[in-house]
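*Asks:* Sequence:
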Amino acid sequence: MFRKNRTSITPEDEPREVPGKFGSVTFNAIKMIKNGNTFFKQYEEKYNSTVFRVYAGAKVVALLDNIAIQTLFDHDSISKEDGFGKVRLNFDLMANIRPSIFSNDQSHIRRKRFIMQILRHIPANYMIKIADKIIRRHFEAWSNKYSYSHRENSVAGDFESEIQEVCSDIITTLFLGSKGNVAALQNWISGIFERSRRLGLMKTKSYVNAYIGYQEMMKHIERAPTLKKIVQIAGEHSLDVEDAKHNLLFAMVFNAYGGCNCVIRTCAARIALLKEAERERLIAEIKLRLENHDGLSANSLYQMRTLESFVLEVLRTSPPISMIFGRTKRDLVIYSSSGKFKVVKGQLLAGSIYSAHRDPTIFKNPEEFRPFRFIEEPALKQNIVWEAGPYTVNATEDSHQCPGKGIAIPLIEVFCLYLLLHCQYTLNKEPIWTGKKSSRSGCPDEPISLKQFSFQPAKFSVNLPTHVLDSFNLLGPDTTFDAVAH
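Quick note: the sequence shown uses my numbering, first residue 2, plus one each step.
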C-alpha cells in the first residue's frame, strides 16, 4: 500500500547514495525509442534497485516502485516544471500562459481552484445525460457503417478516430455547452509539447496545424454559452480572462479529452478480448444495478463494482500518462522498496507510473490483465496512481493531482457500459501491449480498427431516471440537445 514518508532514520539505517550513472545521451535516447516504458527494466536489474540515476530524456533519478513514486506527490518538497522532463510545453499554443498542472505556489492554487470549481459545476448526472445521447447517436452511425447484417458492404473502420470524436463531442459539450471540432482538438494536443520548428520564417506542417487548431478552439471558447459563468468564476479566483480561457483549454483538451479518449480506446480493445464468462459477469452486475436503481444514474453507476474494477485494471496496466516528473526543492530522503536514498536540492525526479503499477511487492502477477483484481483485493485501489496522487485520495487545491476523476471515471464507465450491454463488434487484428510503444499513451501497440459493429439497444433497455433527465449544466444555458443534434 501507499505509505507515508517517515521523518526520522536510525544511525544503522542511513540513506545511501543513489546508484547508477546518467550514461550516454545518444545511446539512451535510442534505447528509449526502442523500448518505451520497458526502458527502465534493464537498469533496475543492473543496479538491483528501483531507484537509480539514468538519462531518460534528461538526467533523472528514476523512481519505479509504489513507495518511491510517492515522493513526487509531496508538493512541499517537489516543484513542477513546464513539461515532462525534456518534453517542454509549447507556449505558442498557450499565449505564453502557464497551465495549472505546471504552476507552483499561489499561481498554482488560484488556477487549480478555478478548474476545481468549473468541475463542480458539471454534475455527474448531467454528464450521464449528455453521454447517453451522444454515445447512442454515434453507435447508431457506427452500426450502419460497419453492420453485421450487411457484411458485403461493411468496410474496415478506424475505431480510434470514431472513439475520439465521441469523447470530443461529450467533453466540449460539458465544458462549453456546444460540441467542438475533434480535428482541432487533435491538432492542438499533438503540438502542445512540440517545440516550434522553423526553417527561416517557415514552420513545420504539424506546427501550423496545431496553431490552426488552437485558434479554432479559442474561438469556440469565446463564443461558448458557458463563457459568462466561466469568466465570473475566474474573477472569484483573481484570474484574468485570458488566463482563465487558456487554463480551461488545457484542462478540457489535454487533461479531460486526452486522458479519457486514451483510456476508452484501451477499454474498447480490452472488452473485445474478454472471456465470455468475464463479459457475462460484468453484464450481470450492470443489469442488476440498473434494475435496482430505476435506471442509469450516478448512484447506480457507483454501485457497479465489477465495472469499476475493469476500468481500474485498464488504468493499472495501461496508464495514459506513464511518467511524472518533479524537481526537488530541498535535499530529500527517498523511501522505496529498495531502501532509502538521499538526493540533493535541484535534482529532477522521474516516476514511472507504468513500473509502479507493476510493482510485484504489491500486485500479484503484475503483467497479467485481471479484470476483477480490485474486487478480489479492494485495498489495491490505493496503489493506483491518479496522476501525482493515489486514486483513493481526492485532489486538493494545493496538490498537483488531477482533479477530474469525478467526471473522467464515470464517463469511461458509461462508455464501457453501452459497449457491453448493447454492442457486438470484432476487430481486424487482435490488440497487443508490449509496453514498448510509450507514444501510444497506454493504447495497444497498433491502432485498433473495426471489422464489424452492431448496436442493439433493444437487447436491454437503459432508462435515465427523471432526476438525471432534469439535471442541467451549472455553467450556463443547457444548449446540449441543439449542440449534439447536428
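Derived by calculation from the structure, the hints in this document are not laboratory data.
A portion of the hints provided could be inaccurate.
Said to hold, decoys possible - With a cut-off of at most 27 Å between alpha-carbon atoms, the simulated DSSO-like pairs for lysine-lysine come out as follows:
{"#": "1", "residue 1": "Lys81", "residue 2": "Lys341"}
{"#": "2", "residue 1": "Lys134", "residue 2": "Lys452"}
{"#": "3", "residue 1": "Lys60", "residue 2": "Lys32"}
{"#": "4", "residue 1": "Lys32", "residue 2": "Lys47"}
{"#": "5", "residue 1": "Lys87", "residue 2": "Lys343"}
{"#": "6", "residue 1": "Lys365", "residue 2": "Lys346"}
{"#": "7", "residue 1": "Lys276", "residue 2": "Lys365"}
{"#": "8", "residue 1": "Lys146", "residue 2": "Lys382"}
{"#": "9", "residue 1": "Lys229", "residue 2": "Lys206"}
{"#": "10", "residue 1": "Lys42", "residue 2": "Lys382"}
{"#": "11", "residue 1": "Lys438", "residue 2": "Lys382"}
{"#": "12", "residue 1": "Lys81", "residue 2": "Lys343"}
{"#": "13", "residue 1": "Lys437", "residue 2": "Lys276"}
{"#": "14", "residue 1": "Lys346", "residue 2": "Lys87"}
{"#": "15", "residue 1": "Lys341", "residue 2": "Lys22"}
{"#": "16", "residue 1": "Lys60", "residue 2": "Lys330"}
{"#": "17", "residue 1": "Lys382", "residue 2": "Lys81"}
{"#": "18", "residue 1": "Lys81", "residue 2": "Lys42"}
{"#": "19", "residue 1": "Lys406", "residue 2": "Lys365"}
{"#": "20", "residue 1": "Lys47", "residue 2": "Lys343"}
{"#": "21", "residue 1": "Lys87", "residue 2": "Lys460"}
{"#": "22", "residue 1": "Lys276", "residue 2": "Lys460"}
{"#": "23", "residue 1": "Lys22", "residue 2": "Lys42"}
{"#": "24", "residue 1": "Lys382", "residue 2": "Lys32"}
{"#": "25", "residue 1": "Lys206", "residue 2": "Lys438"}
{"#": "26", "residue 1": "Lys343", "residue 2": "Lys60"}
{"#": "27", "residue 1": "Lys437", "residue 2": "Lys22"}
{"#": "28", "residue 1": "Lys42", "residue 2": "Lys365"}
{"#": "29", "residue 1": "Lys343", "residue 2": "Lys22"}
{"#": "30", "residue 1": "Lys346", "residue 2": "Lys60"}
*Asks:* Which earlier hints can't be squared with this structure?
*Replies:* Hints 6, 8, 9, 21, 24 are the ones this structure does not satisfy, whereas the remaining hints hold.
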